[in-house]
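On the provided structure of chain A, position chain B as indicated by the hints.
So the sequence lines, in the order shown, correspond to chains A and B. Residues 0 to 308 (numbering that gives the first Met the number 0) are what the first sequence spells out, left to right. Residues 0 to 924 (numbering that gives the first Met the number 0) are what the second sequence spells out, left to right.
For the record, the hints were derived by calculation from the structure and aren't laboratory data. Just so you know, not all the hints are guaranteed correct.
[What the hints assert, rightly or not] In silico DMTMM-like pairs for lysine to aspartate or glutamate, Cα to Cα no more than 25 Å straight-line:
hint, chain 1, residue 1, chain 2, residue 2
1, B, K34, A, E243
2, B, K271, B, E282
3, B, K831, B, E725
4, B, K34, A, D286
5, B, K34, A, E256
6, B, K34, A, E241
7, B, K34, A, D115
8, A, K173, A, E148
9, B, K34, A, D245
10, B, K154, B, D763
11, B, K569, B, D493
12, B, K34, A, E260
13, B, K154, B, D217
14, B, K367, B, D395
15, B, K34, A, E252
16, B, K241, B, E290
17, B, K154, B, E608
18, B, K154, B, D188
19, B, K490, B, D383
20, B, K154, B, D617
21, B, K490, B, D468
22, B, K214, B, E124
23, B, K214, B, D188
24, B, K619, B, D119
Treat the numbers as computed from the prediction; the structure is a model and nothing was measured.
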Amino acid sequence: MALTGTDIDTNPQIARDRQKAEAAAIAERLPPLLLAAERIAATVEQGVHGRRRTGPGEVFWQYRPYYAGDELKRLDWRASAKTDKLYLRQLEWSASQSVYLWCDHSPSMAYGSRRDLPTKSARAQVLALALSSVLARAGERVGLLGHPEPPSAGRSVTERLAERLFIDARDPSKAPSVPPQADLPAHAHALIISDFLSPIDSWQEVIARFAARNVHGHLLQVLDPAEQSMPFTGRVRFLGMEREGDVLMSRAEGIREQYLERLATHQQSLRDLARHAGWSMTVHVTDGPAATSVLQLYQWLAADRGMRR
Amino acid sequence: MNIGNLSILAPALLAAFLALPILWWLLRLTPPSPKRVPFPAIRLLFGLIPREETPHRTPWWLILLRVVIAALVIAALSHPVWNAGANFGRPGPLMLVIDNGWAAAPHWREANLAADSLVDQAAREGRDVMLVPTAPALGQTGLPPPDRLAPPQAKAAIANMAPQSWPARRDLVIEMLGRMADNNSLPTDLNITWLSDGVGLPGDSDAGLAARLDKLGDLRIVGPRDLPIILRPARIDAAGLKIKVERPMVGAAQDVTLRILDHDGRTISLGKAGFAASRNSVETNIPLPLELRGRVGAVMLQPGVEGDTGQAGGIVLLDDSAGSKPIGVITDNAAAARQPLLGELYYVERALQPANELRVGTVATLSKQPLSVMILPDGSKISDGERAALAGWVEDGGMLVRFAGDRLALAADDNLLPVRLRQGDRVLGGALSWSKPASLAPFPAASPFVGLDIPKDVTVNRQVLAQPDIDLGGKTWARLSDGTPLVTGTKRGDGYIVLFHVSANTAWSNLALSGLYVDMLNRLLLLAAGVPSTGQDKTTPLPPGQIIDGFGRLIPAPTSLTPLSATDLKEQISGPLHPPGLYGPAEGRRALNLTAHLPAVAPLGLSLEPLAPSTAVDWKPWLLLLAALLLAADIIIGLVMRGLLSRHRAATAASLLIAGLFVIAPTPRALAQESDSAPAAVQPMTDEEIIAAADSTHLAYVRTGIPNVDATSRAGLYGLTTKLLERTSAEMGDPVGVDLDVDTLDFYPILYWPIAGSSGTLSDRAITEINRYLAGGGMILFDTADQNVVGITGGLGPGSMRLQELTGGLDIPPLAPVGADHVLTRSFYLLKDFPGRWVGGTLWVESSQNRLNDGVASVIVGSNDYAAAWATDDYGQPIFPVTPGGEKQREFAYRFGINLVMYALTGKYKEDQVHVPAILERLGQ
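Extracted from the complex, chain A is given alone in its bound form (with noise of 0.2 Å):
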């Protein structure tokens, strides 16, 4: 079958699979990325952070003498063959970190202001891909924030989640604006993903709940060319997508330095909310490329290991 532009574009087998394939090549530039683990996550997944106790794991903690009433089977005999005593070999307790992924799918996402530019949410996914992908191949657990299926780790963890985002992705008028309450493990990483463009309270009171569960977070704020510099002029009506209703500006040009201070305003105030928690944010504008945004991110959380430790 011959595909033209527009089979492309519509059919969501194949714009699936675009959004696989740019992520992967996105991620393949990276060396795996093993987050900056402070603290890890109280779960008892086996993973490549070592706890610094004897339990599960691969590397080798210390000898311990041997008490009667431990099993045979566990005694190192070489170590033992070299004193009159018996010794046991005992390994260090590594576990894995969780990395929770959120990506916005409501109707606001589902915008592109010219044709040759991805929607955002459609970018959104890739950047979500690229990340997990990039996550998975250093043994992190990689799970979506408000799914009930826990995070687990592995090469195959990629293509699940794009397979689950982009069911999310199909309806976007009945996906929320902001992420839903989740019981998230306390020390988990979150990696949130939208327009922000919501109002300010209700960011504020996720970030503060997040927050309370010393979550580490990280906020990408995914805007389009058009809202980041406001190109319209003349007599505009400009219709919400949220139904939030709409507004009639009889000179659009008139309005920007105001639009643009205000956009400015409602960035700062989410930094501000950020760097509260103790978390990051960074912008990406659907016209730059994917990858310097992923860079960006992974040298963000690969950093927070060195400063928090």
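Showing chain B alone in chain A's frame:
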């Protein structure tokens, strides 16, 4: 109101221009409708107030565009006309005197346009129109007084007028005006335009008419500058085709091309005639091959050379007999004379056929036929009575060619000989002779054979010898090397008697084997005068077969015209009662030509205004079109400005709009052309349709528009086609349904026309097409399908009554019941009756004495519902029961269908007597 050349017909509407500034102000005040933009960050916009207080306005150029649209509409409604011309000077109605004689045909289109524009002007000024044609209509001897017509009626009447093929009669117009004046029905203060053909008539009727019209009102006389070239009747003689071409003007050398057509209208040759600069007539001689001479039917001026359409003076017809030299071969025993390699007829036939028309028979049968040459071989005996008949025929202009032989050598005292013969024959090179076979000497200078090559191997073994007479040398056309005559000939009366002193076969000489034999016979044919006219057919009335219309085309003659006798035909001046054309039975039609008695074409001796097409241009539709296009552009601009149309879609829409402009622009003119040429045009088929229709033979049925009748017709012809494929060698394609109003019928040998229950009448187009189809060799089977009713009640069935009213305008020949010896009873199967779904109905065919088309009937009428009997479904199973005969009757219905198709495809050859013995034997059982 007039501004220069521009006339404004509704000036009051121009006041609306005053409203334009108000419109401008209103448009300026109204803000443009906003673009609608979805925007996610709309929350940030709530409550924002633009710093600039001046609201966004519609751009000035868009306002200008809209004001221009309004101005165009106002201008269009005020109805401006460019070059409308001066108003009529008199208060009375407009009278158009239109010359529609033969000479008007070359400029008919211009005259028509001029008349149209005058009627338009009359319509604008609210005047009535009176149309006065100057040539009487077909079959009329006078002109009716004109009615006062409203302009639309006058336009329709003008569109229906056509030039006639006879001269205009201006004296009749004067007479008619006189009658009207006597009745006081002649209005005064007329505005008269005389659209003349520019050709003057003998007598003083031209000036008389101008004076009479001038008394009635303002008279303008309009006429073309160039007058038609005419052809005088042509004749065919030994040198070829002789024809005189005349032109009305002198001054420059001019070449015209002549097209020579056969009896069916196909071009068979082209000729040229060149006028010298100072001459206005030229007689040209077009050489024609011998075999083409018999086929010449007409000569016409090549259309287009004179830059106009054909005209009745530019075509001359020839008698069917002109140029053809039918040959009779006298024999009393054709079978013996045709004996291969031995018979005399065997050699004569091979020498003369197929280039010539050869008839074989006894003197009695041949003398009844029009013949130009008779060949009398030695083998047959002729009585004294026959001899006298032949002698009389030769005196009238026939040529008798005789061959010597044993019979002639014994009885030399024959009066049908060019020279006196000696008793007995002379043998050269025989077993008891020292002499050798003689060869031929060169032809004498006065011989018709001079110039022919003499093959060296032609020798003569035996000959008859002539008595030495004083004029023997002059009568000797060919001699042997020893000086004795081989061919002698003499003129007797208007004809010739020629004697070959050898036999027609190889018994006496090997001349019959050489090409010289053929060449000599052909030279003799050239010498022959043509068919001598006999007294009998001079008084027989000849009905018109085809007539020439005003554009020089042959059309079927209406049956209302009176026949002409052959003698009258020669002297008859063609006119509305006897239009030029072909008169008489199918073989032996006589030509009546317009130009035979036409005076030389002279210009009209009155001062003429040039016949120029009107230059008036009505601007109203163009202005409205422009306004509509600008409005469409405005809509596109509006959609773009509101953001409802993306830019590249806007570009597409704009290009569509421009493309639409080019499509629309030529349309008014194209429409005008179509409406002008519509009456004569035949619906053209595309090449693909023609190829599809002609690639194989199709049975066809007429679509009546009634679904179940059409389905039955189709199924019936499908069933018949299947049977034809199974049983005969006819390779038929799928049956075709034709719509008489649209389709061309020429491709179908036979048309099945179910009359049952159909409604409506035939359109003019359909009638013309059917008549053309029937005249051109088509065959129609009308099926009234009402035998089930008629068989019980008797009388006329509904289908027959319907048939009568439906075919009123068709040229249906007289019909007669099919006889027991008709070809239809034996063209494939031997049949006694012709059942269909019903039995008993009479089958009617064209009566035998009225046959054209090789004697094949063109119309067959039956009532037995044939298609229903033939109809099969997709599995080959019959659809309708046949009564009362069951499947056997169906089989006979198929046999009738096969016979019918065979009859249509193969003609009447089964009518020959060849099968009579076998047929008699089978009928006797």
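Comparing the hints with the structure gives:
Between K34(B) and E243(A), the direct Cα distance comes to roughly 18 Å. Compliance with the 25 Å bound is thereby established for this hinted pair. Under the criterion of a C-alpha separation no larger than 25 Å, the hint pairing K271(B) with E282(B) is consistent with the structure, at around 11 Å. With a C-alpha separation of about 23 Å, the suggested pair K831(B) and E725(B) falls inside the 25 Å cut-off, and the hint holds. About 24 Å separates the Cα atoms of K34(B) and D286(A), which keeps this hinted pair within 25 Å; it holds.
The straight-line distance between the Cα atoms of K34(B) and E256(A) is roughly 20 Å, inside the 25 Å bound, and the hint therefore holds. Simply put, K34(B) and E241(A) have alpha-carbon atoms about 19 Å apart, close enough for the 25 Å limit, and the pair holds. Simply put, K34(B) and D115(A) have alpha-carbon atoms about 21 Å apart, close enough for the 25 Å limit, and the pair holds. Under the criterion of a C-alpha separation no larger than 25 Å, the hint pairing K173(A) with E148(A) is consistent with the structure, at around 20 Å.
This hinted pair checks out: K34(B) and D245(A) have alpha carbons roughly 12 Å apart, not beyond 25 Å. Among the hinted pairs, K154(B) with D763(B) is consistent with the structure: their alpha-carbon atoms are about 19 Å apart, no more than 25 Å. A hinted pair counts as satisfied when its Cα atoms are at most 25 Å apart, and K569(B) with D493(B) qualifies at roughly 20 Å. At roughly 24 Å between alpha-carbon atoms, K34(B) and E260(A) fall within 25 Å of each other, so this suggested pair holds.
As the CA atoms of K154(B) and D217(B) are separated by approximately 22 Å, the hinted pair is consistent with the 25 Å bound. Restraint check for K367(B) and D395(B): the C-alpha separation of about 14 Å stays at or below 25 Å, so the hint holds. A hinted pair counts as satisfied when its Cα atoms are at most 25 Å apart, and K34(B) with E252(A) qualifies at roughly 13 Å. For the suggested pair K241(B) and E290(B), the alpha carbons sit about 17 Å apart, so the restraint of at most 25 Å is met.
Between K154(B) and E608(B) the alpha-carbon distance is near 22 Å, which keeps this suggested pair within the 25 Å criterion. Note on K154(B) and D188(B): the hinted pairing holds, with a Cα-Cα distance of about 22 Å set against a maximum of 25 Å. About 21 Å separates the Cα atoms of K490(B) and D383(B), which keeps this hinted pair within 25 Å; it holds. Only pairs whose Cα atoms come within 25 Å are accepted, and K154(B) paired with D617(B) is accepted, the gap being roughly 17 Å.
Note on K490(B) and D468(B): the hinted pairing holds, with a Cα-Cα distance of about 16 Å set against a maximum of 25 Å. For the hint linking K214(B) to E124(B), the alpha-carbon distance of about 23 Å falls within 25 Å, and the restraint holds. In summary, the hint linking K214(B) to D188(B) is supported, as the alpha carbons are separated by about 9 Å, within the 25 Å threshold. The suggested pairing of K619(B) with D119(B) holds, with an alpha-carbon distance near 14 Å, which does not exceed 25 Å.
Checked against the numbered hints given earlier, the structure satisfies every one of them.
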